[in-house]
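Participant: Listed below are the residues making up each chain.
There are 2 protein chains.
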Amino acid sequence: MSADDFIVTPWHVEGDIDYDKLIKQFGTEKISSELLERIKKITGEDHFMLRRGIFFSHRELTRILDEYEKGNKFFLYTGRGPSGHTHIGHLVPWMFAKWLQDKFDVNMYFQLTDDEKFYSKPNLTLEETKKFAYENALDFIALGFNPEKTKIIINTKNIKTLYPIAAEVAKKINFSNTKATFGFTNETNIGMIFYTSLQSAPCFIEDKPVLIPLGVDQDPHFRLTRDIAPKIGKQKPALIHNIMIPSLEGPGGKMSASDEKGTIYTTDSPSEVKNKINKHAFSGGQPDIEQHRKLGGNPDIDVSYQYLRIFFEPDDAKLKIIHEDYKSGKLLSGELKAILIEKINSFLAIHQENRKKAKNQIEQFLFEDK
Amino acid sequence: MSADDFIVTPWHVEGDIDYDKLIKQFGTEKISSELLERIKKITGEDHFMLRRGIFFSHRELTRILDEYEKGNKFFLYTGRGPSGHTHIGHLVPWMFAKWLQDKFDVNMYFQLTDDEKFYSKPNLTLEETKKFAYENALDFIALGFNPEKTKIIINTKNIKTLYPIAAEVAKKINFSNTKATFGFTNETNIGMIFYTSLQSAPCFIEDKPVLIPLGVDQDPHFRLTRDIAPKIGKQKPALIHNIMIPSLEGPGGKMSASDEKGTIYTTDSPSEVKNKINKHAFSGGQPDIEQHRKLGGNPDIDVSYQYLRIFFEPDDAKLKIIHEDYKSGKLLSGELKAILIEKINSFLAIHQENRKKAKNQIEQFLFEDK
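Chains F and G are the protein sequences, given in the same order. Residue numbering for the first sequence follows my numbering, starting at 62 and increasing by one per position. Residue numbering for the second sequence follows my numbering, starting at 62 and increasing by one per position.
Check the hints yourself; a few may be wrong.
One copy or two, it doesn't matter: identical chains are merged, so the pair holds either way.
With a cut-off of at most 27 angstroms between alpha-carbon atoms, the simulated DSSO-like pairs for lysine-lysine come out as follows [what the hints assert, rightly or not]:
#1 233 <-> 192
#2 297 <-> 391
#3 404 <-> 221
#4 355 <-> 210
#5 420 <-> 91
#6 192 <-> 431
#7 131 <-> 381
#8 388 <-> 340
#9 182 <-> 240
#10 381 <-> 221
#11 420 <-> 233
#12 221 <-> 182
#13 134 <-> 420
#14 337 <-> 221
#15 292 <-> 101
Simulated from the structure, these hints should not be mistaken for lab results.
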């Protein structure tokens, strides 16, 4: 791989991603300043994840807004592959989805793909991925979604609803399509080959347009769905993409639930968070204090700064001070880490309380097959 | 295709099948006279479909009998792809399965693969295949299966039970395997590619050995299942194969539910049966009566004679007389057809009565997901 090479697929992210290049590669649209203004006008708010380009790209978000302004509501759909406990990277699209639900007052479907993770991870059993699906559902509920308008789909549990829709999609996709889209080979198992049609299914669960906030690595699934939709008489799903959340150990990939060192789980204790960040968070600082004071740090590659920017410091003024102080050398790497640790632990203290309460709420969130 | 070439796959049967060659090609075992004797000894009866080689081949039937004699019961499983109304060719393995259920007093699962026929037939909708599934179920019930021990599975209806089992199988099958087994190509749709794992699933629905009576064209599915079974800690399914039932229009294929002229449906009226046989049943007779009287007919290629042999005349003595009289020229083709028409219409008169009654019984036969 040369310096500016990178790989982004639903099952593998590698390299230093150039998001402008990725937009061209995937054929999506950059979120323009006009579109930002339009969202701000409709919602009355300027979400920091939009403003900061954490959500940077889309497909047909403008159509969703056109319809909305005509009085035609859409619904939201996102999901998670339950290969382990939820980590803070997962919360990015979910938090944003919650904001969208609040602002547009729309239905939300959350898909937990226990089958996908069983197919794609040689060592995971279906019992394990199903157990993680329930654990992940608690984190999702803990974010405060409207229980009247939010349904959680677990693939093996809700397959009776999903399968007939997936079948309509599957009939229109051949092996060549999956090779071209996902890089599948003759050695790929047939569960994986079929699976994309199940990730498509929730797009058509209501007879309304759908908007999907999601990590850009999941875009290939819906590129296929968008090709198929008109062939089965349905509307194409619209997407809004977030960047990949870096691993604690630095850029060049994404945070992964199966890489324990590089990952902060929502179930981590305050001391675990502290240790992980102090030990593993990739620093943009200089090798020693003297040099740092003299040369300053590089916030662009500093993971602690990036986590503040992406998720934990929504206040632009405060973030700006941190940026300037770190760049000038006034703020040391250890101090920057301390800010992040405090932010994460405050967040997790509340989140973990809500997560406990979610155990009593989960039943009302679970989608029931008819 | 040269003269002795033939093709036998679950979705395509063509040519004049040499069953001894097919046994070698598929790697199955011929049902030996010793095995016939053993079955007769256990069941106390000599079923004409065994005696006449309609069921001609097996995989590990001996293991099933060994276990049975040790007191370990097996269960039965067969099925049907609901692409149209039931025709009399379908009834062959079902009638035999009913006999097996009666003699061994075992559970029976009948799978209706509405999804498969949707995937494999470009013009059929899932609503249509599901409708045919219910129609076909009536024919199955009409044959008199034990309602206490018989469950009908409809794939889209019972997917919640089937899918987790299918997933275990699917994880162990790759695209190469399906290419080698079914001749799939890059253009095959991903529903078809995944589907075989759903046909495997009922093999593992009980924790007992399974015996599958089935048309030999379905063997490839279970060849794959037998490869996978030990990898998922399960017993290999045992099989007993029947020959392909020829179309009315003659040898070189099998009767097909989508070829109306060549097919007698269980829903046909007496006059439809009469017309179809008189008009379309391939004859082994001579071009005119004079030559027929002189040279005699060929029962081996005469479809009417074959239907009597395969299904409608269980009495060997009566069949022998028909065979001799036709061969000698004493029995004319029209007369042979008249015998068959009478036999089919007598059978269908009772069957259609039972089929009506089945509408009130169907609920107790339908498998319910937990």
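Participant: With reference to the structure, classify each hint as holding or not holding.
Facilitator: Checked hints:
no. : hint        : verdict
1   : 233 <-> 192 : between (32 angstroms within a copy, 22 angstroms between copies)
2   : 297 <-> 391 : neither (50 angstroms within a copy, 70 angstroms between copies)
3   : 404 <-> 221 : neither (42 angstroms within a copy, 43 angstroms between copies)
4   : 355 <-> 210 : neither (54 angstroms within a copy, 83 angstroms between copies)
5   : 420 <-> 91  : neither (39 angstroms within a copy, 59 angstroms between copies)
6   : 192 <-> 431 : both (23 angstroms within a copy, 18 angstroms between copies)
7   : 131 <-> 381 : neither (39 angstroms within a copy, 79 angstroms between copies)
8   : 388 <-> 340 : within (21 angstroms within a copy, 92 angstroms between copies)
9   : 182 <-> 240 : both (19 angstroms within a copy, 23 angstroms between copies)
10  : 381 <-> 221 : neither (50 angstroms within a copy, 52 angstroms between copies)
11  : 420 <-> 233 : neither (39 angstroms within a copy, 35 angstroms between copies)
12  : 221 <-> 182 : both (24 angstroms within a copy, 22 angstroms between copies)
13  : 134 <-> 420 : neither (30 angstroms within a copy, 43 angstroms between copies)
14  : 337 <-> 221 : neither (42 angstroms within a copy, 41 angstroms between copies)
15  : 292 <-> 101 : neither (34 angstroms within a copy, 55 angstroms between copies)
This entry does not satisfy hints 2, 3, 4, 5, 7, 10, 11, 13, 14, 15, going by the numbered hints stated previously.
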